[in-house]
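Novice: Mind docking chain B on chain A? Use the hints.
Chains as they are written, first to last, in full-length UniProt numbering: chain A, 1 to 308; chain B, 1 to 288.
The set of hints was computed from the structure by calculation and includes no laboratory data.
Check before you lean on any hint, since a few could be wrong.
Stated by the list, open to error - Computed footprint of chain A on chain B; a stretch qualifies when at least three of its residues, placed anywhere within it, have a C-beta under 8 Å from a C-beta of chain A: (1) 24 to 30; (2) 35 to 48; (3) 128 to 134; (4) 139 to 146; (5) 161 to 168; (6) 253 to 259; (7) 268 to 280.
In this text, a Cβ means the ideal position worked out from N, Cα and C, and glycines have one as well.
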Amino acid sequence: MAAAVATTPTTTPTAAPGRARSHRGWRATPWLFLLVPLGLLVLFTYVPVANMVWYSFTDWDGLGEMEPVGLANYVRVFTDETYVQVFLVSLYYLVGAAVQLVLALYFATLLSFRTRFRNLFKGLIFFPYLINGVAISLVFLYFLRPGGTLDAVLVLFGVSEPAQWLGDPGIVNVSLAATSVWRYMGLNFVLFLGAIQSIPSELYEAADIDGATSWDTFRFIIAPGIRRVVGLSAILAISGSLSAFEIPFIMLDGANGSTTFVIQTVHTAFEFHKVGLASAMAVVLLLIVLAVTWVQRALFPDEKVDLA
Amino acid sequence: MTVNVRRTVRSLSPVLEPVGVILKYASLLVASAVALLPLVTVFLAGFKTKQEFATTAPLDVPQDWFNVENYVTAFTQGRLLQGFVNTSIILVVSLVGTILIGSMAAYAIDRFDFRGKGLVLGAFLVATLVPGVTTQVATFQVVNGLGLFNTRAAAIVLFMGTDIISIYIFWQFLQSIPKSLDEAAMLDGANRFTIYARIIFPLLKPAIATVVIIKGIGIYNEYYIPYLYMPKQDLGVVSTALFRFQGPFGAQWEVICAGAMLVILPTLFAFLFLQRFIYSGLTQGATK
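Looking at chain A on its own, in the form it has when it is part of the complex:
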C-alpha cells in the first residue's frame, strides 16, 4: 500500500522521481474507474441471474419459505401442456421475423438504386421503429378492432365481412406478429441499406461495364457485401421472436391464445406468485438465447470486430 502511494502521479510537475513509473499509474486507479460500472453490472445482471438459477430449483411464492424441489420446475416447463403450448406461439413470430427480413432486404435493395424521394421513402419505412410500444399497441388496437381502420379499408375493396382480427384465436397471432413486423422492419431495413451503401461504388461501375443486370448486381455484389449484417439480424430476429412480449402483452394481455413464453413467465411470477417455476422458465429462455447466439458466433466468426 505504501509503495502504491509513493508511485501515485501527483499534479505537481516537480514529481520527477515518480515520473518513470507514473506511466503505469497507481495500480488501483483502473478499479476506481470501474467501481461503479462493475458494481451495477454485478448487482443488476449477475446477482439476478445467479438468484434466478437458484430460485428455479425451489418452490417459492416470492415471500415465504423456499422449498427445494430439484428439477420439478423444469420437468413441468417441458411437460405441462400450458407451458409447452406457449412455445408454439413463438412460431408465428418466427415466421413474422422471416417476412420482416425479406421485406427489409427488398426495400433496402430498391432504395440503394437511384430513386426519386429516396429520403422520404426511407423515413416513412423506418419511422415506425422509433415509436413508443404502448402507442403502437393502441394504434393497432384501433386499426384491427371490428369496424376499425383495416375493416374500413377492406370495405373499399369489397370485403364486407372481415375476420375478427383480434377476437378469433385462429387469427390473433397472425395479427400480432404482423404488428411486430410493422414495428421492427424499419430497423433491419436501415441496417441493410447502410451495409449496401458502404459497398464501394467502383464495384457497381465495373459490373455495369461488364453488362450485369440488376439481379446480377444483387447476387454477386450486394448479397456478399451484406451477408454479415443479414446474419446478425437473423439471429437477433430469432431471439426477438422467442422473447416476443410487449405487443401481445399490452394489446391483449395474452388473451385469446396470444400468450407468449415471456407473458406466461411474467404471469407465473407476478400474478400466480410462483417465482420458482417462473425462474425455471426464464432460465430455459436464457439458455435458448445463449445457444442461438453461440450458433451465430460459430457461423459468423469475428462479427463483433467487423461490425463494431
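Specialist: For chain B alone, kept in the frame of chain A given last:
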C-alpha cells in the same frame, strides 16, 4: 444456358425496364401507405367529438380540425402531463449517469493494463447476451430488497446499470483518440483523473451524442421497467400513463387516439430534426 437467358433478358430490357420502374415505385407507395395509414387514422380520430366518432368511419376526416378537447382530456385526466414530467426526470438523470459510467468504464478498459482486465471485459460481453425481460423475475427481488420499489430511482438505476451498449460505443470511440495525448498530459504531471475529466471526456462529444440518442429513445419508449417497478399512479411515465388509458377511457377511442398521438409527436419531431444522427446512431448501437 444462362447466357441464353441473359441474352433474352437483355433483349427484353426496353420492355422490362419501365415495368420494373413501375413495380418499384408501386411497392414503395404501398409500403408508405402501410406505414402511414394506421397512424393517420389515429390522428384523424383524435380530433373527433364523441358523437362524431360514433357516427363516422375511421377514414372520414374530422369536422373541426381545431377540436383539441380530446388532447386536453388526455393531458390532464389521462395524466399524460405527469407522465412527461416523470419521463423527463428519469431521462435526464439516467442519461447523465449512463454517460459518466459508460465513459469511465471505457476509459479504464482502453487506457489501462491491469490484472483481471480480460475477466472484466468478459463480464461486460456476456451481460449483453442476457435478455433483460427474462431476468426481471429475479431483478425484482434485488430492487425490492434495496427498498427502491415504487420510486423513480428503480428505473434510473436499472437504466444506468444494465446498459452495456453505451460502454461499447465509448470504447469504440476511445480507440480512435491517440494515446499520445494522455502521455503528453502525463508528462506535464496530470494524473489519470485529470486526464479523464479534462482531455478524454471533452473529446468524447460525438460518442456522447450517439449514446444520448440511442439511450434517449430507449428510455422514452421503455414500458416494462416502469410498469413493473413503479405501479404507483403518481409515478406514471409516458408509457405507463398511456397504458392506463385502456381502463377509464375503454370506450372513448377518440381520447385514446389523442393520447397515442401526444406520445408519438415528440418522437416525430426528434426524428425530423435529428434524422441523420438517429440513422447513424442506431446503426452503431444495434450492431454493437
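Novice: Checking C-beta pairs, does the region 161 to 168 of chain B have three or more residues closer than 8 Å to chain A?
Specialist: n = 5 at 8 Å, threshold three: holds.
Novice: Please verify the coverage claim for the region 139 to 146 of chain B: does it have three or more residues whose C-beta sits within 8 Å of some C-beta in chain A?
Specialist: Result for this restraint: holds, n = 4.
Novice: Checking C-beta pairs, does the region 253 to 259 of chain B have three or more residues closer than 8 Å to chain A?
Specialist: Check passed, 4 qualifying residues.
Novice: Go check the region 35 to 48 of chain B versus chain A for me, would you? Three or more residues, Cβ under 8 Å, otherwise it fails.
Specialist: Holds, because 8 residues of the region 35 to 48 of chain B bring their Cβ atoms closer than 8 Å to Cβ atoms of chain A.
Novice: So is the region 128 to 134 of chain B in contact with chain A by the C-beta rule, three or more residues under 8 Å, or is the coverage claim wrong?
Specialist: With 5 residues close enough to chain A, the hint holds.
Novice: Please verify the coverage claim for the region 268 to 280 of chain B: does it have three or more residues whose C-beta sits within 8 Å of some C-beta in chain A?
Specialist: holds (count 6)
Novice: Tell me if chain A covers the region 24 to 30 of chain B under the three-residue, 8 Å CB rule, please?
Specialist: holds (count 4)
Of the numbered hints listed earlier, not one is contradicted by the structure.
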